[in-house]
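A.B. asks: Chains as they are written, first to last, in numbering that gives the first Met the number 0: chain X, 0 to 421; chain D, 0 to 318.
These are calculated hints, taken from the structure and not from any lab test.
Ideal placement from N, C-alpha and C gives every residue a C-beta, glycine not left out.
Please note that the accuracy of each hint is not assured.
What the hints assert, rightly or not - Where chain D lies over chain X, by a calculated footprint (3+ residues, C-beta under 8 Å): (1) 263-273; (2) 376-384.
What the hints assert, rightly or not - Looking from chain D toward chain X, a few residues come up when the C-beta cut is under 7 Å (computed): (3) Gln16; (4) Leu19; (5) Gly137; (6) Ile139; (7) Ala140; (8) Gln233; (9) Tyr272.
To be verified - Here are the simulated SDA-like pairs of lysine to any residue, each with C-alpha atoms no more than 20 Å apart in a straight line: (10) Lys241/D - Asp235/X; (11) Lys251/X - Tyr278/D; (12) Lys251/X - Phe279/D; (13) Lys333/X - Ala53/X; (14) Lys333/X - Asn72/X.
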Amino acid sequence: MQHRLKRILTQGSIAAITIASLGLAACGSSSSAGTNVNKALIIGTDFPTSGTDASLGLPTQQGADLAIAQNANLGNGYTLTAIDKNDEGTSGADPNIGAQNIQDLIANAQVMAVVGPFNSGVAKSEIPLVNAATLTEISPSNTNPGLTKQQYAAANNINFAQLHPAGLPESYFRIPATDEVQGKVNGDFAFTTLGAKTAYVVDDKTVYGIGLATQFKQEFTAKGGTVVNSIEITPDQVSTFPSVAQTIIAAKPDVIFYGGVTSQGGGALKAALYQAGATTLPMVGGDGIADDPGWITTATAAGSNNTYGTIPAPDLSSLTSSAGSAFVSAFTAKYGSAPVPYSAMAYDAAMIEITAIKNVIAAGKPVTRANVRDAVAAINYTGLTGTIAFDANGDNSGGALYSVYEVVNGAWVFKQTVHVGA
Amino acid sequence: MLEFAATNGGPVLFFQQLELGITLGAMYALVALGYTLVYGIIELINFAHGDVFMWSTVVLLLVSNALGLKGTLGGFALIGVLILFLAIGMAVSAFLNVSIERLAYRRLRKAPRLAPLIAAVGVSFILENIAQLTIGSGFIAFPPIFPTTALNIFGVKISILHIFIFGLAVGLMYALDRFIQTTKLGRAMRATAQDPEAAALMGVNVNRTIFMAFLIGGALAGAAGLCYNLVIAQVNFFTGFKFGLIAFTAAVFGGIGNVYGAVAGGFAIGIIYALSIQYFNFLPGGGVAWVDAIVFGILVLTLVFRPSGILGQQVPDKV
Chain X
0 MQHRLKRILT QGSIAAITIA SLGLAACGSS SSAGTNVNKA LIIGTDFPTS
50 GTDASLGLPT QQGADLAIAQ NANLGNGYTL TAIDKNDEGT SGADPNIGAQ
100 NIQDLIANAQ VMAVVGPFNS GVAKSEIPLV NAATLTEISP SNTNPGLTKQ
150 QYAAANNINF AQLHPAGLPE SYFRIPATDE VQGKVNGDFA FTTLGAKTAY
200 VVDDKTVYGI GLATQFKQEF TAKGGTVVNS IEITPDQVST FPSVAQTIIA
250 AKPDVIFYGG VTSQGGGALK AALYQAGATT LPMVGGDGIA DDPGWITTAT
300 AAGSNNTYGT IPAPDLSSLT SSAGSAFVSA FTAKYGSAPV PYSAMAYDAA
350 MIEITAIKNV IAAGKPVTRA NVRDAVAAIN YTGLTGTIAF DANGDNSGGA
400 LYSVYEVVNG AWVFKQTVHV GA
Chain D
0 MLEFAATNGG PVLFFQQLEL GITLGAMYAL VALGYTLVYG IIELINFAHG
50 DVFMWSTVVL LLVSNALGLK GTLGGFALIG VLILFLAIGM AVSAFLNVSI
100 ERLAYRRLRK APRLAPLIAA VGVSFILENI AQLTIGSGFI AFPPIFPTTA
150 LNIFGVKISI LHIFIFGLAV GLMYALDRFI QTTKLGRAMR ATAQDPEAAA
200 LMGVNVNRTI FMAFLIGGAL AGAAGLCYNL VIAQVNFFTG FKFGLIAFTA
250 AVFGGIGNVY GAVAGGFAIG IIYALSIQYF NFLPGGGVAW VDAIVFGILV
300 LTLVFRPSGI LGQQVPDKV
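Based on the provided sequences and hints, a complete structural model is requested.
C.D. replies: Below, the structure written as structure tokens:
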């Protein structure tokens, strides 16, 4: 008797669970069948928001979050929220974590677009994924040219065909100009603004640094300057820098160009030059050193003077338009601290995606990832950082913007904005 | 070639680079002595020695931060700080070196040769990682406490700092030489280096001798750490790897196990570095990109023709 009762109960409960789950599945599938559209849209972000990169990664993400929060209601019953992902690993932004984050965002059917990533290295692993899923990803800060330009891919260890599979629409876009433009801007700055006739070029043997140095040399000589010599340094040669500094000083250049990042020897070389007596010799570099507090720590407060660096993003002080001031005050009010230049870029990136979604809704088309991507590709948007439109490769055809920073009295100070192109 | 001529002007520049090379060489010599002392006694290459040197630079940076040192010091303050830093640097590295011997190498003295070698590599990793956790991965400038006054001799600028470094290094080397030649402990070290078993039979305390080798070697590396902080002034957790490698190369170049060889090798390598950076600057990437290849090329050539190094003893083939 007990045995039969147990059997009935067991079979009955199994049957009940089966029916219940079938019912739930039916409910679930019916909502994506089209008759019951889920209007809770999501924009994802992927930035390094902890650890050593947080000082730039977090405020950048907050720029995007601000735009999303300001547009929580898209009209027509559509709402918008953000999902923030962190791709910081044990030693900087991690491409594997970034790829995993993108997989998570792709798996969530409500995610219509992504803002990020911060680092070009992370973008390398994310671009093939977003292209395969036709999920729009706009980066506010990637400057490696190999990500979108085939002719630079091999030099940057990028398998272009793997990132941009043939036959798929381009889903990766970026707002800042690419590094070869930055090298030219630096060359022009050194020759025209600083009035240098001779330059000593140094690079840090990385693909980024060599790229910048090559473009600098081309532009500097095209303008009429002379490149006296071109050397490559690495951080493990630091103990020889007094001799290297003597070599540079003996060549009597008007300016030194450093293509690379602070930690790969540039800062130590600047300190060595100062110690060797070159106290007024200017050094020009790119976003690898610009506005970097680490530069002051390494080159010493006195030694770091006369360094110039460029960042492909607008300085706060140049955001003087009504939209710019509104952004700065809204950001400061929401997060309690001022935005960084990349915050404005991320804000524009998110606003482009939001505007694209609104355009899709207004056109009466279903809000799908494919439609949002098409709208982003066709967009012409005027934002905090200027006019933005994307070409077939995903690059910004609306012209480039660079902020020039200078070290004065042992601190980075904004000097001027440089506009290039359209 | 025109570029070469323009950037390699005259005897003044040659002597300037020579002077820089001697200063660099003095530091390499101090660290090379640590390698050679240890190798001479127990035939072990103390791979962690470069990191022992690095830790002296790190501790001195932390102490200078704690003291709030920022700019140039003068007069008695400078002398006091230098004496203090020299004592701290030498004590830190001596203690570290001796501890490593006691904890990692002593038990492996009878083990096959690879065991203490791997242990040394392991200790090197540990020291580097702890330093990275302590001061991070970047380069931190050491405050410029030494005044930048320089003598101008026929156009060559020789800074007082470099003279101090040279004087300090030579003084320490001379003290080491006197110690090894005249004291009982020094004689014991020489005997143990020649034949450990015979020395033990003669009543030499082998453990104490080995302890002294590590202690003195460590102390010299600590002094080099102070010099490095004053001249190069860039503290980084990974400095010891390269610096130690070059210093070890210098010791081998001069004759491993030979104290005079370490000194000669250190100065020679330092000078070769400085001159190569200047006079091989026409190569693509500049002299600095090729200087390691040049230095190691010279080393290999020397060892081919003189396997025991410049001052090393030629060991006759055993019959």
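A.B. asks: Run every hint past the structure and note whether it holds.
C.D. replies: The hints, checked one at a time:
For the segment 263-273 of chain X, the proposed coverage by chain D is satisfied: 4 residues have a C-beta within less than 8 Å of a C-beta in that chain, meeting the threshold of three. Residues of the segment 376-384 of chain X lying with their CB closer than 8 Å to a CB of chain D number 0, which falls below the three-residue condition for coverage. The closest approach between the C-beta of Gln16/D and any C-beta of chain X is roughly 6 Å, which is under the 7 Å cut-off, so the hint is satisfied. Proximity of Leu19/D to chain X holds as hinted, the smallest CB-CB distance being about 5 Å (cut-off 7 Å).
Satisfaction of the interface hint for Gly137/D is found here, the shortest Cβ-Cβ separation to chain X being roughly 5 Å, below the 7 Å cut-off. Contact between Ile139/D and chain X, as hinted, is supported at the beta carbon level, the nearest pair being about 6 Å apart and thus within 7 Å. This hint holds: Ala140/D has a C-beta 4 Å from the nearest C-beta of chain X, less than the 7 Å allowed. Interface hint at Gln233/D: satisfied, since its Cβ lies 5 Å from the closest Cβ of chain X, which is below the 7 Å cut-off.
Because the beta carbon of Tyr272/D sits about 5 Å from the nearest beta carbon in chain X, less than 7 Å, this interface hint is met. About 6 Å separates the Cα atoms of Lys241/D and Asp235/X, which keeps this hinted pair within 20 Å; it holds. Between Lys251/X and Tyr278/D the CA atoms are separated by roughly 16 Å; this keeps the pair inside 20 Å, and the hint holds. Distance check on the hinted pair: Lys251/X and Phe279/D sit about 18 Å apart at the alpha-carbon level, within 20 Å; holds.
Of the pairs offered as hints, the one joining Lys333/X and Ala53/X holds, with about 18 Å between alpha carbons and a cut-off of 20 Å not exceeded. Only pairs whose Cα atoms come within 20 Å are accepted, and Lys333/X paired with Asn72/X is accepted, the gap being roughly 18 Å.
This entry does not satisfy hint 2, going by the numbered hints stated previously; all others are met.
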